[in-house]
Amino acid sequence: MNDIVASLYIFVLAAFLGFEVIRRVSPLLHTPLMSLTNALDAIAVVGAIILAGEHKSGLAAILGGIAIVASTSNLVGGFIITDRMLKMFKSSKPRKP
Amino acid sequence: MTDAFSTDRIIEYAYLISAALFILSLKWMSSPSTARRGVWAGEAGMLIAVTATLLHHGIVDYSTIAIALVLGAIIGVPLGRVQMTAVPQRTALSHAFGALCVALVGTAEYYLRAPRVPTFMMAVLSMEVILGSLTFTGSLMAAGKLQEILPQRPITYKGQNLVNLSLLAISLAVAVLLVIDPGHTRLFPLIIAIPLVFGVMMIVPIGGADMPTVISLLNAYAGLSAAAMGFVLSSKLLIVAGALDGSSGFILSVIMSKAMNRSFTNVLFGAFGQVQAAAVGAKEARPVRSATAEEAAAILGAASTVVIVPGYGMAVAQAQHKVRELFDALTKRGVDVKFAIHPVAGRMPGHMNVLLAEADIPYDKLLDMDAINTDFPQTDVALVIGANDVTNPAARTDRASPIYGMPILDVDKSKTVMVIKRGMSPGFAGIDNELYYLNKTLMLFGDARAFVGDLVRELAGG
Chain A
0 MNDIVASLYI FVLAAFLGFE VIRRVSPLLH TPLMSLTNAL DAIAVVGAII
50 LAGEHKSGLA AILGGIAIVA STSNLVGGFI ITDRMLKMFK SSKPRKP
Chain B
0 MTDAFSTDRI IEYAYLISAA LFILSLKWMS SPSTARRGVW AGEAGMLIAV
50 TATLLHHGIV DYSTIAIALV LGAIIGVPLG RVQMTAVPQR TALSHAFGAL
100 CVALVGTAEY YLRAPRVPTF MMAVLSMEVI LGSLTFTGSL MAAGKLQEIL
150 PQRPITYKGQ NLVNLSLLAI SLAVAVLLVI DPGHTRLFPL IIAIPLVFGV
200 MMIVPIGGAD MPTVISLLNA YAGLSAAAMG FVLSSKLLIV AGALDGSSGF
250 ILSVIMSKAM NRSFTNVLFG AFGQVQAAAV GAKEARPVRS ATAEEAAAIL
300 GAASTVVIVP GYGMAVAQAQ HKVRELFDAL TKRGVDVKFA IHPVAGRMPG
350 HMNVLLAEAD IPYDKLLDMD AINTDFPQTD VALVIGANDV TNPAARTDRA
400 SPIYGMPILD VDKSKTVMVI KRGMSPGFAG IDNELYYLNK TLMLFGDARA
450 FVGDLVRELA GG
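For the protein sequence lines, the chains are A and B, in the order given.
Letter 34 of the first sequence, counting from 1, is numbered 33 in numbering that gives the first Met the number 0, and no numbers are missing.
Letter 36 of the second sequence, counting from 1, is numbered 35 in numbering that gives the first Met the number 0, and no numbers are missing.
Here chain A stands alone, though its shape is the one from the complex:
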């Protein structure tokens, strides 16, 4: 029970933190923001790895394996495209040292 409450606390605090941090993101970067949060969301791979690795049942191993493929493709693709987009954003003013 305590664990549930602790988890709810973490969820609520992280959501508020998310609102505050993301509100400050310039509209310029909304597309890379979405691809970055997508890549971060691929942290679900952690759950899939344990599921596939523990191999508690055949079904769990198969579903876990597919889940790893799905989230890893997000992880890899998400970071690559975010970085590609951000590299393109250049200022016309000389960069501050």
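Accuracy of the hints is not assured; some may be wrong.
[As the list claims (entries may be wrong)] Here are some, though not all, of the chain B residues that point toward chain A, as calculated from beta-carbon distances under 7 Å:
| # | residue |
| --- | --- |
| 1 | Met28 |
| 2 | Pro31 |
| 3 | Val38 |
| 4 | Leu54 |
| 5 | His56 |
| 6 | Val59 |
| 7 | Val101 |
| 8 | Ser246 |
| 9 | Val353 |
| 10 | Glu357 |
| 11 | Tyr403 |
To be clear, the hints were calculated from the coordinates, so they are not data collected in a lab.
Think of the CB as a built atom: it goes at the ideal place given N, C-alpha and C, for glycine as much as any other residue.
Following the hints, complete the assembly by docking chain B onto the known chain A.
Using the frame of chain A, we list chain B on its own:
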């Protein structure tokens, strides 16, 4: 035992560091000058978390993991290398993959634990599977529409909302039954199947111009389902990442819905595609003033301030590189050129900025609606390329207009307006644009890319 205990501790600390890095990563996204650092922080956090997970003492089968990781990377690399115009459908596809992962893990967890699933866990597990499933098919549909594999036009029928809400209600009712008695293993497939159908039905009535809102909303759903998965696995890292992703999607949905003048509940319940049902009235041919490239180039060259208003039409015509040439030609003549970006320009939030940045236009010349609107009265020429409804002054003045109240770019306040357009057909919402009939407006008829190319040639020659 103590050894296993300490490994678990190390894993927990590693996750804590990852969570902190994820938050820093999003914080650094606030400005283009620190954003790339944000990506590195995210990558570092991910690497730490995945490495730590592999140390987990319960893992006996490393070969499946290795094969799946390699396969995922093989699929992921080309998905990271798509054209910038294809970013919206890529994003939708990645929402689908993320949701698929969550739904599959939820399903496996249920069958591993049933029938002894605690009440709270069964509730979040149901939410995880329902949200994951509907986001999976919904995002696939959105990606299909954006890639134009599926028809872009919204498909509506009588009682659509009733059908959709019933589907959602039935899956929630089944979820409640499962929470009361998790032993109903035969009911479980229903909270996968019905939301899968709901996901399809939810996107059927949605047209291209609504995509920015829909993609943001699917992003929020994907994040929430990941957070629910975190509750099921009691993984605090996953709860944090899901909450961050969810709030990001949520904020973007709110920004997009405001920019399209939709209410909050309208967004939450996915009642999109309502605007275009209105007003395609009888059209009389009203006179407009048109100009050739030569005349337009002369006016542009003589101006001291020019604001370019790009819309999705510019992206469709692949005109962004020609627009860059125009920007260079005008800047060389000492003209101050800026770009006005409406929040819903393009097919996803911020899409237009990425396309213009790809064409090497400096980002400090890209201004969002609130920043640029005060500049229009001092602007000599506003050049509209492939944008329509977001420039329609009827949104400010005409209470009868379906887009009344939608925040627009005040293009009509500039001294001269030029609109590059193929013909006089109305925009996506099917509404005539008052802007085109103003005395100060010059219509430049032609393909956006070809016409901008002509303007560049005229400016170089003259």
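Going down the list of hints, with the structure as the test:
1. Met28: holds, 5 Å
2. Pro31: Hint holds; proline 31/B Cβ to chain A Cβ min 4 Å, cut 7 Å.
3. Val38: holds, 5 Å
4. Leu54: violated, 11 Å
5. His56: Violated: closest Cβ of chain A sits about 10 Å from histidine 56/B, beyond 7 Å.
6. Val59: With Cβ-Cβ at 6 Å, under 7 Å, it holds.
7. Val101: Since chain A brings a Cβ to about 6 Å from valine 101/B, closer than 7 Å, the hint holds.
8. Ser246: holds, 3 Å
9. Val353: holds, 5 Å
10. Glu357: holds, 5 Å
11. Tyr403: violated, 24 Å
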